[in-house]
Structure formats: C-alpha cells, structure tokens
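Enquirer: Read off the chains here:
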Amino acid sequence: MGQLSTYAKAAFPGLAALVLLWGGIHWWTLGYRSFTSYSYVVESAAPMPKAPPSILLTDQLGATWLLPSLRGKYYLMTFGYLSCGGTCPITMGEFYQISEQLKAQGRTDLALLTITLAPKWDPADSLHRVWQHYGAPEDWILATPGEGVDREAYWEQLRHMGMWVDQDRQGYPVHDNRTFLINPQGVLLRSFVGTPSLDVLDQVLLAETP
Amino acid sequence: MKILSLGLFVLLSIPLVDFYLDGDMALQMLVQIPLLILAGTLLTGRFSHLLDPPKAFGLFILSLGVVFFWMIPRSLDLAVVGDGVDRLMHLCLFLAGLGLRTSLGPLNLMIRIAAGIYATAMWSAFALILFQSPAQVCARFTLAQQQSAGQAMLWAGGCFLTVHLLSSVVLLVRLGPKEHPST
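Chains as they are written, first to last, in my numbering: chain S, 1 to 210; chain V, 1001 to 1183.
Treat the hints with care, as some may be off.
Stated by the list, open to error - These stretches of chain S come out as covered by chain V in the derived footprint (C-beta under 8 Å, 3 or more residues):
#1 3-13
#2 17-23
#3 27-38
#4 168-175
Stated by the list, open to error - The following residues of chain V were derived to be distant from chain S, with all beta-carbon distances above 10 Å:
#5 L1004
#6 S1013
#7 V1017
#8 L1088
#9 L1128
#10 V1163
#11 L1175
#12 G1176
What the hints assert, rightly or not - Result set (DSBU-like, lysine-lysine): computed pairs, CA atoms no more than 35 Å apart in a straight line:
#13 S:K103 with S:K50
#14 S:K9 with V:K1055
#15 V:K1002 with S:K9
#16 S:K120 with S:K50
#17 S:K120 with S:K73
Please keep in mind that the hints were generated in silico from the structure rather than gathered at the bench.
All residues carry an ideal CB built from backbone N, CA and C; glycine is no exception.
Taking the hints into account, I'd like the entire structure generated from these sequences.
Expert: Rendered as structure tokens:
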C-alpha cells in the first residue's frame, strides 16, 4: 500500500499535466474537431438546414431583396470579390461552366448566386459589367450588400452561417471557398468545400426530392 | 546568458522583426518559434533543483503542450492577425523554453532521449500535414508558403533527429542508461 502511494505520488504531476493539456486542447478545438480556422467556423455555426442570414442585397440589375426571400428554385451561393487574386477567379470560372451546362440542358430548377465580400469595392454596376463579360446569363445573380453596410457586421453574419472570412494585414478580405445550397423553400440545405460539379448537385437534388 | 536570452526575446518582439517573420510561414515555423523557445532555454537560473523528477516530468509535459498549442493552425492564424495574441504567443513560447530547460535537468537520460524523439515526431507530423495537404491548413498563409514551410520543416526535423540520435548513442555508451548526463 505504501509503495502504491509512492507510485501514485510520483505519477500525479505528469498525469495532472496530461489531463490539463487534454482538457485545454479539447476546449480550444471544440472536442478535437476543429484545428483550423475554417473548421472552427463551420463547427461553431448552427447545423444545417437553417435559414440563411438576413442580408439585404442589391443585384447586378439594381433590384433589392433579402437573402432569405430567395424562393422557388435551388440556388448555389458563393462569396468572393472582384479584385481577389485567390480562389475567387477559379470559382467564377466554375460557376460560369455550371451556368453554361444549365443553359445547354434548359434547366430552370437551379440558379447561381455570387455575393461580394467587399461591398465598398464592388458596387452593383461593377457586378453588372462582370455579369455582361460572362455573357449575361439569366440564371446567375451577382449581388452586393451595398456600400453603406458595416463590413465586419456583414462578415460576422457569414461566420454564423458557417463561412470563414476575415481581413489580411493589408485589409483585403481573406476567405474560404465554401459554397452553399439554398432550397426552393429558402432554407440553407448544406455547404460544399469548393464548387460541386453539376453531377454532384444533381445527386443532392435527387436525394431531396420526396 | 540572461542578457542573451532577454536580448533575443526583445529582438524577436520588435514590431518590424515580428512583422517580417510573421509574413512567411517558413520564417515563422523555422526561425521565430524555435528562437523564442531557445530564448527561454537560455534564461539560466537555479530552478532545476526545486523540482524532483515527477514534478519535472509534469512541467515537461506542460511545456511541450504549450508548444503544441501554438502549432495548432487556428492558434497560428490568430497570432498572425492579432497583436495581443501574437504577444501572448511570444511570451508562452519563451516560458515554454524556460520550462523545458528547467524540467529536462532533473530527468534521467532515457527520458531526455525519448522526449527528443517525441518532440521530433510531433514536429515532423505537423510538417507532413503542411507539405502534403492539398488545401490551406493555415488561413493566413498561401498554399505555396505552407508547402515550402512543410518541406523545410521535414528537413529540419530529419537533421535534428540525426544529431539527437548520434549524441544520444554517444552519451549512452559513455554514461549508461541510468546515469544523468551532468554526472
């Protein structure tokens, strides 16, 4: 018994340090599920399906509407900004390809939505020019929350939705390349890392069909 | 040594130096973090005699845990963007270095060898993740920076392991496994 007590006393500091460390890292990573900034935002956001954030948007044609009011078809939504040199141009290219595929198939059940993360730099008329550059596809909406919006408050809404966005040391937006699917009832259904192909989207839509 | 330690810590905390080292992942991982730990280890003092081996082992685990915490990508991201968090990281790593120096003293040679191997394994595992991941792990650095940092860290880990194993073999042959290196 005395020897056991000696062993226990010898093991206590090491075990206590391990428990403290385990608990600290467990808390910091939300149960060892989020080691990166991206996964932390996703894990700490409310699970889907859920309502999209209430953001007032102006599209490339000048119409103003609330994001949760999008109804009647599926929308694949992404975020970026026009002067972005990271993943945004790639995502725009992928959205353009999907738009062309939808047009070729005569589909009207799915549309695309790109929302700017830099409202001050990307006014509606700039979005209109880019939209025209891509051939003015009817099934692709480009929208902005408007120049007067509080950027940090707007980004905080996106973080609550499950998207990581912040600014770099020069003040430029940095963000993940997550895309979100909104169903015809206006509910955020799920998100994807990157842009899903039309085949993947069709599988998701098929699974959704009652 | 105290002046060298504190001088190194102050040098790494100068905003311009800090900004430069924070700007590239390889510089941060291979220069800033190791130098902050080194600054802590250089702060010599009469601390080791205060600890018996069990307490020293507890302090060793905590110190290594602090280093591990600041290698979590989310922690690194926060340190790069936030000045307060960055200062906290500097202080934590400096104290972790001091903790490692203090705790390794009372531990016997076999535990010190195992600790070195474990720390290298942890470092190399993180390096592999950075090097092999097709996606950005740290949001504050580009994918190219991340991969080159991972590759450099792998080389550094390999070099450290080689030196550590060679010096361990020499010490084991000279002193035997139960001996303390200072004896």
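Enquirer: With reference to the structure, classify each hint as holding or not holding.
Expert: Here is how each hint holds up against the structure:
no., hint, result
1, 3-13, "holds (count 5)"
2, 17-23, "holds (count 4)"
3, 27-38, "holds (count 7)"
4, 168-175, "holds (count 3)"
5, L1004, "holds, 29 Å"
6, S1013, "holds, 17 Å"
7, V1017, "holds, 15 Å"
8, L1088, "holds, 13 Å"
9, L1128, "holds, 14 Å"
10, V1163, "holds, 27 Å"
11, L1175, "holds, 23 Å"
12, G1176, "holds, 22 Å"
13, S:K103 with S:K50, "holds, 29 Å"
14, S:K9 with V:K1055, "holds, 10 Å"
15, V:K1002 with S:K9, "holds, 34 Å"
16, S:K120 with S:K50, "holds, 28 Å"
17, S:K120 with S:K73, "holds, 29 Å"
In summary, this structure violates none of the numbered hints.
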